[in-house]
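Trainee: Each chain is listed here by its residues.
Number of protein chains: 2
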Amino acid sequence: MSQERYLIQGDFISTPTPQEVAIHENAYMSVEGGMIQSIDKKKPDIGSDVQLIDHGGQLVIPGFSDIHLHAPQYVTRGLGYDKELLPWLNDYTFPEESRFKDHAYTDLVFNDVVEDLWAAGTLHSVIFSSLHTDASITLMEKYAKAGLSAYVGKVNMDRNSVEELSETTEASMRETERFLEAAKDYADRDVLPILTPRFSPSCTNELMRWLGDKVLELDLPIQSHVNENLGEVAWVKELFPESKHYLATYDDYDLLPQSRAIMAHSIHNTASEMEMFKDKDVLIAHCPDSNSNLASGIMPAGEMLDKGIRVGLGSDIGGGNRLFIGYAIESAMKASRLLWALSEHEHRVITFAEAFHMATAGGGSFFGKTGLFMPGYFFDALVIDDRRFTKYRPLSVFERLQKFVFCGDDRNIVTRYRKGQVLPKPEWN
Amino acid sequence: MSQERYLIQGDFISTPTPQEVAIHENAYMSVEGGMIQSIDKKKPDIGSDVQLIDHGGQLVIPGFSDIHLHAPQYVTRGLGYDKELLPWLNDYTFPEESRFKDHAYTDLVFNDVVEDLWAAGTLHSVIFSSLHTDASITLMEKYAKAGLSAYVGKVNMDRNSVEELSETTEASMRETERFLEAAKDYADRDVLPILTPRFSPSCTNELMRWLGDKVLELDLPIQSHVNENLGEVAWVKELFPESKHYLATYDDYDLLPQSRAIMAHSIHNTASEMEMFKDKDVLIAHCPDSNSNLASGIMPAGEMLDKGIRVGLGSDIGGGNRLFIGYAIESAMKASRLLWALSEHEHRVITFAEAFHMATAGGGSFFGKTGLFMPGYFFDALVIDDRRFTKYRPLSVFERLQKFVFCGDDRNIVTRYRKGQVLPKPEWN
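Which chain is which? The protein sequence lines are A and B, in order.
As numbered in the working numbering, residues 113 to 541 make up the first sequence, in order.
As numbered in the working numbering, residues 113 to 541 make up the second sequence, in order.
Quick caveat, the hints were computed from the structure, so don't treat them as lab data.
It is possible that part of the hints are untrue.
Which bits of chain B does chain A cover? Going by a derived footprint, with three or more residues having C-beta under 8 Å, they are [to be verified]:
#1 440–448
#2 459–473
From the structure, some residues in chain B lie toward chain A, with a derived Cβ separation under 10 Å [stated by the list, open to error]:
#3 L406
#4 G409
#5 Q514
Output of the computed footprint for chain B on chain A, the stretches with three or more beta carbons under 8 Å from beta carbons of chain B [stated by the list, open to error]:
#6 250–259
#7 402–408
#8 443–450
#9 455–466
#10 509–515
Cβ coordinates follow ideal geometry from the N, Cα and C atoms, glycine included.
The whole structure should be built from the sequences, with the hints applied where relevant.
Mentor: Structure below.
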């Protein structure tokens, strides 16, 4: 079907910019080769050979992008939220991740991760695997089978971990090469590798330099963490006395390629780091659930948007507990409103449209032409059956979107399209 | 069945106090007349006529209590969270509530409210209806049919509302009498009336005095709101210059009957109000979702528990957006950790056990012997099928409870018991 032309009828809503809501109620979208050609109020005059797909009365929204999560923390998400970041990593996360040297365990967990992402309508992910190359390749394979697009990272970490989860500098380099080689098999299905120094404290300067050289040599994107927790920030200062701040520990090693770096959390930023986000066009992965669960703080999302910094949302499984990106939208709104209240209005609140934009066009910007409905964009979409919410009395399309996000969940998603094709539930065998 | 004796096998967990977690793994609970007789590690020597109900391998937890929500805001929950309390009330809530003079609309919405409470495992509610007496009686009828226990309040509000939602002082009194009379029909099914001055700004001094006299005359419980929003607190100060603080506006009219008053929100409290909560043994309805959505702030839950103040949880539909009390537990934890982080550790965090206690034994304390598993308490319980979370590797019972709350939802609840009897899904006809 993907090369064919067809028409879709429905109530379309997307956010071309953080401030702009585009609504096409009871409209007709023309799709060809998986790409949106036009959106019309009146049914275009089409030949009898062009199929009309009737989603009339249903809400059609862009597919979600989750730009920060850890696949091997799926089993432990929800556990240990009585702790802060560093003890939580040592007590829960690192021991769990060490299990992913076991292929059977990896297979069992990653089937569910990818199937549950499909269920949650997350059509695009930027995801950490563990340091295990085989597990990371398995994860790519699952994404490719499911038809979901992803950037997958084999984690690099050659210091400051626990005994059962560490690699030598040399092994980290060698295994990264092996991962990049194996990853070539999935590129045609939009499953791509991303360099993944866990965070500065996990990588020696030698490894950081080597990764930076890979970025320069192969034009690779990178993902990592920055400014999540005050203890972590202080620790990085000790470990990298020569860098002017935490974010610079990446830039100093060429690990902030222009428009190709994702930095998760970004809560406790200096003014100079805010400038660097903007200059390097870093995509920020805002992870409000995780930041609450681990008592890290609240990212000043409003200020970032006002500076023109790109922001997307991350479930941050397992610091975050729920996959459905609707929750991340909800939590981003809640966190922003608490920051406003608790800072005596020093920080501005974000709007619902801004939070929804982060979850779709914002995160989607890392993947190219996706995340909003406009000619020239891929038709990557979720069809929402929201009769549950509209049965009492009519609601506007914008109100219906709020109801789905704040009161609905994956149960309301009835069809998923990627590049114009319906994605069936993944089958593993 | 309720008078019979039977045995239940399962993994039982409850919190007798905010600090105490009682776990009986693979244990046998003996229930007679709907009441817990014993919980034993070894199967008691019972006669062959005593039924054994096998929930082996399943988690059995106390039923949830939602001690603050507004039934007529079910349709608008999730909408308008770009506003603060007072404009939100005027723009969304009051116009919506005025629809409940229409019986067909009331019937349609309240069927779903009660059915969804059943689905969410909320066996006990303390709930606001609207000011409409007939709608309030309809709500009691729905609860009684469903076998759920509740305190239902016909709202009193004789000033400061919108035109389509107001009553004269005299009508408010007369309709309250009519409501109390009609309510007698439901008392044998644990559906009881509660006096419900909406909040001080909504009631004239004359009405407050009359309601206080009813409390004294009939020994009735009351529910209301206090200290939710700073604008509201300032407004109350203007309206009641003679009262020493917001909470005193209730006490001055005998509206804080000992151990029989619920006050929702309680965020911006003076030291003197904290003392009054304790002295009057007020039950606090902590509503973290609503308090975030409406940018009200974060209730200092840790300090309240440390003072020995009773705390339960409220979904506060529609300031809150989700019925499942697991979300309220999750949000209470998150809010507490953000308060700790943003107050530079001036406020302490609450533990998972404390938040779970609020949702069960804390809120349950308003209903008598419910909310925990101990001989002499009613067997009010939810059976949780959590194989979805334990399929990868074994988890402790306490970890399983965390997984259910942080990663599960109503889909995991497979059976609901109230006073020892299985509650089937409500059927309306």
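Trainee: Would you mind marking each hint as holding or not holding in the structure?
Mentor: Against the structure, the hints:
1. 440–448: holds (count 5)
2. 459–473: It holds, with 3 qualifying residues against the three required.
3. L406: 8 Å, holds
4. G409: 5 Å, holds
5. Q514: 5 Å, holds
6. 250–259: With 0 residues closer than 8 Å to chain B, the stretch 250–259 of chain A misses the three-residue bar; violated.
7. 402–408: As far as the stretch 402–408 of chain A goes, the hint holds, because 5 residues have Cβ atoms under 8 Å from chain B.
8. 443–450: Holds: 6 residues of the stretch 443–450 of chain A have a Cβ under 8 Å from chain B.
9. 455–466: With 4 residues close enough to chain B, the hint holds.
10. 509–515: holds (count 3)
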